[in-house]
Structure formats: C-alpha cells, structure tokens
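Engineer: Residues 0 to 189 in numbering that gives the first Met the number 0 are what the sequence shown spells out, letter by letter.
Just so you know, these hints were derived from the structure itself, not from any lab.
Glycine included, every Cβ here is placed at the ideal spot set by N, Cα and C.
Do not take every clue at face value.
[As the list claims (entries may be wrong)] Just the calculated beta-carbon pair ranges, DEER-fashion:
id : residue 1 : residue 2 : range
1  : His155    : Gly29     : 17 to 25 Å
2  : Gly48     : Ala75     : 18 to 26 Å
3  : Arg93     : Gly127    : 16 to 24 Å
4  : Glu160    : Arg87     : 12 to 20 Å
5  : Glu102    : Glu25     : 19 to 27 Å
6  : Gly114    : Glu160    : 18 to 26 Å
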Amino acid sequence: MHATRIPGILIATLAACTAFAAGKNEGLEGEAHRLAAEFVATLKPQLKGALQSVGPEGAIAVCADIAPQIADSLSASSGWLVKRVSLRTRNASRASPDPWEREVLETFESRLASGEPAEALYVGEQVGGHYRYMRAQLVEPVCLVCHGTQLSAGVHQALEEYYPDDTATGYSLGQVRGAISLSLPMDSLP
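Using the sequences and the hints given, assemble the complete structure.
Structural biologist: Following this line, the structure appears as structure tokens:
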C-alpha cells in the first residue's frame with residue numbers, strides 16, 4: 000500500500016510544479032507584453048512629431064538617439080533587457096538578432112504569410128535560463144518614409160550619416176520590419 004502511494008504523490012507534486020511554472024510564465028508574458036507596448040507607445044509619438052516638425056531627415060536623428068534611450072530606460076526600470084531586432088538592421092550594434100531571435104523573426108514572417116493576424120505575432124518562452132519574449136513590428140504607412148522602397152535624397156543622406164551600414168530599406172506596407180525583444184534571467188525572479 001505504501002509503495003503505490005509514492006507514485007501518486009510524485010505525480011501530484013509534478014503536476015503542481017508544472018501548473019506553478021505555467022502560471023509564472025503567463026505572468027512574465029503579460030509583463031513583457033506591457034513593456035513592449037510601452038516601448039512602442041513612447042517611441043511612436045516622438046517619431047510622428049519629429050516627422051511633422053523636422054521632416055524625415057530629422058526624424059532619423061530622433062530615432063537614432065531616442066529609441067536606444069527608451070530601450071535603455073525600460074531595461075533599467077524593469078530588470079528586463081529591452082531591445083529592437085531585425086533581420087535587416089539599421090543599427091547593427093544594437094539590433095542584430097541572436098540565433099533564437101533570428102528564428103522567431105523568420106517564424107513571424109511565415110506566420111504572417113500564412114494569414115495570421117498581426118496582433119498574434121508574439122512568442123514567450125523559457126530559453127537557456129531566461130524568459131524570452133518577442134512581439135513583431137509590422138511596417139505601417141509612416142515607416143515607409145525611411146524604410147520603404149522610394150526614399151528621398153535627404154533621407155538617403157541622413158541614413159548614410161547616422162547608419163552607414165543600413166540594410167533596413169526596401170520594405171512594403173504590412174511586412175515584418177522587426178520585433179521588440181525582451182529577456183529576463185529566471186534566477187532574478189523571487
């Protein structure tokens with residue numbers, strides 16, 4: 000009788016641990032989603048304002064300075080590493096994907112091509128001792144001014160000045176431009 004109770008207790012313990020881990024991951028996914036949304040909500044109005052006040056050339060300068068500051072500020076205040084990544088980088092020193100991010104970006108492109116809605120293009124999972132989360136950023140009409148196929152001479156010049164190794168042009172409306180990527184060490188959790 001004693002021997003048959005041990006496997007039952009073990010199974011119940013494993014089930015409880017699995018449920019606890021799933022709940023923890025769900026909470027982390029929610030937090031990561033909120034931080035990604037905060038990044039976009041902070042950057043987008045500044046870019047739109049710069050486009051209106053100083054034009055596309057000036058907006059490139061704003062993006063070069065402000066976007067990294069927003070990511071760094073969110074990282075410092077949250078404990079997460081917050082960054083933008085892309086398969087075609089504008090700032091390779093900050094936006095080049097690691098192997099996991101590259102695979103997720105490629106998956107986002109295939110999911111979008113198969114008809115999955117933009118709001119569903121995210122993933123969150125534990126990877127190598129970290130909770131990793133990515134949310135796709137799709138090309139919107141405002142993005143085409145600096146990331147599209149028909150760029151003005153002034154935009155080309157500003158890109159050469161701020162991003163001499165830029166590969167983030169030639170996009171069309173609705174394509175996956177990149178993603179907000181977040182990472183949190185699991186050992187930092189209470």
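Engineer: None of the hints should be skipped; say for each whether it holds.
Structural biologist: Each hint tested on the structure:
{"no.": "1", "hint": "His155 <-> Gly29: 17 to 25 Å", "in the structure": "violated (41 Å)"}
{"no.": "2", "hint": "Gly48 <-> Ala75: 18 to 26 Å", "in the structure": "holds (24 Å)"}
{"no.": "3", "hint": "Arg93 <-> Gly127: 16 to 24 Å", "in the structure": "holds (21 Å)"}
{"no.": "4", "hint": "Glu160 <-> Arg87: 12 to 20 Å", "in the structure": "holds (19 Å)"}
{"no.": "5", "hint": "Glu102 <-> Glu25: 19 to 27 Å", "in the structure": "holds (22 Å)"}
{"no.": "6", "hint": "Gly114 <-> Glu160: 18 to 26 Å", "in the structure": "violated (39 Å)"}
The structure shown violates the earlier hints numbered 1, 6.
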